[in-house]
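Top line first, the protein sequences correspond to chains A and B.
Residue 113 in my numbering sits at position 113 of the first sequence; the count goes up by one each step and never skips.
Residue 171 in my numbering sits at position 171 of the second sequence; the count goes up by one each step and never skips.
By construction, these hints were calculated from the structure, which means they are not laboratory data.
Beta carbons are placed, not taken as given, at the ideal position from N, Cα and C, and that holds for glycine.
There's no promise every hint is true.
[To be verified] Pairs of lysine to aspartate or glutamate residues, derived as DMTMM-like cross-links and limited to a Cα-Cα distance of at most 20 Å, are as follows: (1) B:105 x B:181; (2) A:327 x B:233; (3) B:6 x B:230; (4) A:105 x A:125; (5) B:327 x A:116; (6) A:105 x A:181.
[To be verified] Take a look, some chain A residues computed to stay more than 12 Å from chain B by CB distance: (7) 36; (8) 203; (9) 224; (10) 338; (11) 376.
Number of protein chains: 2
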Amino acid sequence: MFTLLKREGHARRGRLSTPHGTIETPVFMNVGTQAAIKGAISAHDLTELGCQVELSNTYHLHVRPGDALIRRMGGLHRFMGWDGPILTDSGGFQIFSLAGLRRIKEEGVSFHSHVDGAIIFMGPEESMRIQSNLGSDIAMAFDECVKIPSPYEYVKASCARTARWLARCKTALAEYNREEDAVNPGQMLFGINQGAVFHDLRIAHMKQIAELELPGYAIGGLAVGETHQEMYDTIEAVEEYMPADKPRYLMGVGTPGNIIESVARGVDFFDCVMPTRNGRHGHVYTWDGVLNLNNRRYAEDPSPIDPRCGCPVCRRYSRSYLRHLIKAQEALALRLASAHNLWFYNHLMEAIRENLDQGTFAAFQREYSDKLSARI
Amino acid sequence: MFTLLKREGHARRGRLSTPHGTIETPVFMNVGTQAAIKGAISAHDLTELGCQVELSNTYHLHVRPGDALIRRMGGLHRFMGWDGPILTDSGGFQIFSLAGLRRIKEEGVSFHSHVDGAIIFMGPEESMRIQSNLGSDIAMAFDECVKIPSPYEYVKASCARTARWLARCKTALAEYNREEDAVNPGQMLFGINQGAVFHDLRIAHMKQIAELELPGYAIGGLAVGETHQEMYDTIEAVEEYMPADKPRYLMGVGTPGNIIESVARGVDFFDCVMPTRNGRHGHVYTWDGVLNLNNRRYAEDPSPIDPRCGCPVCRRYSRSYLRHLIKAQEALALRLASAHNLWFYNHLMEAIRENLDQGTFAAFQREYSDKLSARI
Chain A
1 MFTLLKREGH ARRGRLSTPH GTIETPVFMN VGTQAAIKGA ISAHDLTELG
51 CQVELSNTYH LHVRPGDALI RRMGGLHRFM GWDGPILTDS GGFQIFSLAG
101 LRRIKEEGVS FHSHVDGAII FMGPEESMRI QSNLGSDIAM AFDECVKIPS
151 PYEYVKASCA RTARWLARCK TALAEYNREE DAVNPGQMLF GINQGAVFHD
201 LRIAHMKQIA ELELPGYAIG GLAVGETHQE MYDTIEAVEE YMPADKPRYL
251 MGVGTPGNII ESVARGVDFF DCVMPTRNGR HGHVYTWDGV LNLNNRRYAE
301 DPSPIDPRCG CPVCRRYSRS YLRHLIKAQE ALALRLASAH NLWFYNHLME
351 AIRENLDQGT FAAFQREYSD KLSARI
Chain B
1 MFTLLKREGH ARRGRLSTPH GTIETPVFMN VGTQAAIKGA ISAHDLTELG
51 CQVELSNTYH LHVRPGDALI RRMGGLHRFM GWDGPILTDS GGFQIFSLAG
101 LRRIKEEGVS FHSHVDGAII FMGPEESMRI QSNLGSDIAM AFDECVKIPS
151 PYEYVKASCA RTARWLARCK TALAEYNREE DAVNPGQMLF GINQGAVFHD
201 LRIAHMKQIA ELELPGYAIG GLAVGETHQE MYDTIEAVEE YMPADKPRYL
251 MGVGTPGNII ESVARGVDFF DCVMPTRNGR HGHVYTWDGV LNLNNRRYAE
301 DPSPIDPRCG CPVCRRYSRS YLRHLIKAQE ALALRLASAH NLWFYNHLME
351 AIRENLDQGT FAAFQREYSD KLSARI
């Protein structure tokens, strides 16, 4: 399924086949939490924006409109009109970050819906059922995402439970996808490594879950409160224990600089809400850093967001017009800024892949790692 | 400039040349008040949605970002990225419907900005200066839009003043557009007929302003409180006094049924915020009437909004998905519903033109006049 095409240092250039097409890695997945990308971006737009993989959230779609409904509508691809690869998370992160009052047991987690307060139970089997109903190409394991900092002993016990949950995920998903009317029988399962910033726990957990020989592995539970350096150190510690022939996904990361540094440390998959969230606030990416379109200095600036950018927004609209849309509180402002930012992230990954292809990634890293995250 | 191609009863099939292209009439102008179409629709989308003419608002753009800024940015076409014909209203309607505390004198009107409360003065010369700065293809006369009902004597005096203002508009706009660096030297001026629902005042005013031999005439001050029948009666009363060789524009109208009935009474141009306003509320147009996507009955409906519609939304998304987007409060809902509705209005006009071309408009009117405004 996954082909490792080339390496430069720890950085990897690869390719993953899925039931809905091939993914060139390293890749940034475009987040459409509720089967819709924030900022009024449609699935149809994603193709033009260079998106390879769409990511939706199991927890949100279970709560509304319901995964059973989406299954009856033909699965998530058909429902939202996106024919390319889709990854769904497991709901774990949302349960531990968003939902109200929760109780963790060996079976799973009880929590309150953020929409109507209804009590929901989700364990490995429930998460797999939902993801099988959604029919994503990559399902993520159901895990506990512990907050940082957490006590060592708590994290250790949690890792053990997450490993037990992973075995149940594997069994359950295989069973559901053998059903005659399974939405996407070729759906893959990625395991998730946990352990906070305790390197020994990360490594022990990674060794344990690698034995399940899943089609891919993620590093979860980072970008939740630790420093960037702690994050990089943790990736470095665990990376050599991740199967080299499987794709690696760093969940919820991050700035362009974070992505470049993590590619350099052997990561292949990324996702983050920053492009659309920043877009909604008028913060847009350029190859020189982040630019704040709210700033008065752009009021009569006829240039596009980034003169080097070839996106549909930069081809057509000026900073002056975009600033006007923001000040006038036009919904179009959110859409255009979000579209530009998604294009930027997708083409950042393209540039990373090209540099890996040509063996010039180290030079690219030196030139852009700091610059792309600066404010200009 | 205007060619009358064909008639059927009072209905007219025509063609108007403008500096930014030819307009086939009857036509519906797509409203982009603040140089942006509501519902996150871009100027680039308008072409795909079948829009022929974009309409922006002088008052709003004067207040923010300022017409002088737009002039410095190359005019409204370049600023918003729309290369087709643009009509700007005069600010009159907004001053009388939106702005705070106003004082009307012979020179013009003092009022408070709805954005920051600043006192603004606008008379015929100011309105023409702004519209010349914006560089629209069709500028509208500065008028007083009296509310309905208003006393006969007040309306009579107001009509007389609006006629005097029109002469000043004609002189001023010609002068501004002779400037060497005029944004759009070929900009046309349309006069506006007033007189509330007093037929004798409407007719007297129309006769008076027809003498100025302007490139087009509008019926203003309707759709502001009178019944549909009063509106139709007023159009019928004044229509025979409108120059037959000039385009006629019924301002701010209306439902599909209103448009069909007004075409039948000799009107060529329309504009209305209903397609985007209804879209924002999940109310969408079909050839059987208006459908409310909020309704639970559409939760699992796999069909497009209208199976007979060829718009980009109906080609790709189901009622079920659109209802989910509304319930999940995704900005994409506003965009897709607004896009569909604009396409519907633009293609309604295309159907009207085709029926006029083929001499079957009367039959079209009978079939669709009531049906298209119904709720289903």
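Given hint residue 230 of chain B paired with residue 6 of chain B - CA-CA distance at most 20 Å: violated (27 Å)
Hinted pair residue 327 of chain B and residue 116 of chain A, Cα distance within 20 Å: Status holds; Cα separation ~13 Å.
Distal placement of residue 376 of chain A relative to chain B, Cβ over 12 Å: holds (22 Å)
Given hint residue 181 of chain A paired with residue 105 of chain A - CA-CA distance at most 20 Å: Violated, at about 32 Å.
20 Å limit on alpha-carbon distance, applied to hinted pair residue 327 of chain A and residue 233 of chain B: violated (42 Å)
Least C-beta distance between residue 338 of chain A and chain B, which was stated to exceed 12 Å: violated (9 Å)
Given pair status - residue 181 of chain B, residue 105 of chain B, alpha carbons within 20 Å: It is violated: about 32 Å lies between the C-alpha atoms, which goes past 20 Å.
Assertion that residue 224 of chain A lies farther than 12 Å from chain B (Cβ): holds (25 Å)
Whether residue 203 of chain A stays farther than 12 Å from all C-beta atoms of chain B, as the label says: Label holds. Min Cβ-Cβ 40 Å, cutoff 12 Å.
Given hint residue 125 of chain A paired with residue 105 of chain A - CA-CA distance at most 20 Å: This hinted pair holds, its Cα atoms lying about 14 Å apart.
Beyond 12 Å from each Cβ of chain B, as asserted for residue 36 of chain A: At about 4 Å from chain B, residue 36 of chain A fails to clear the 12 Å cut-off, so the statement is violated.
Hints 1, 2, 3, 6, 7, 10, counting from the list given before, are not met by this structure.
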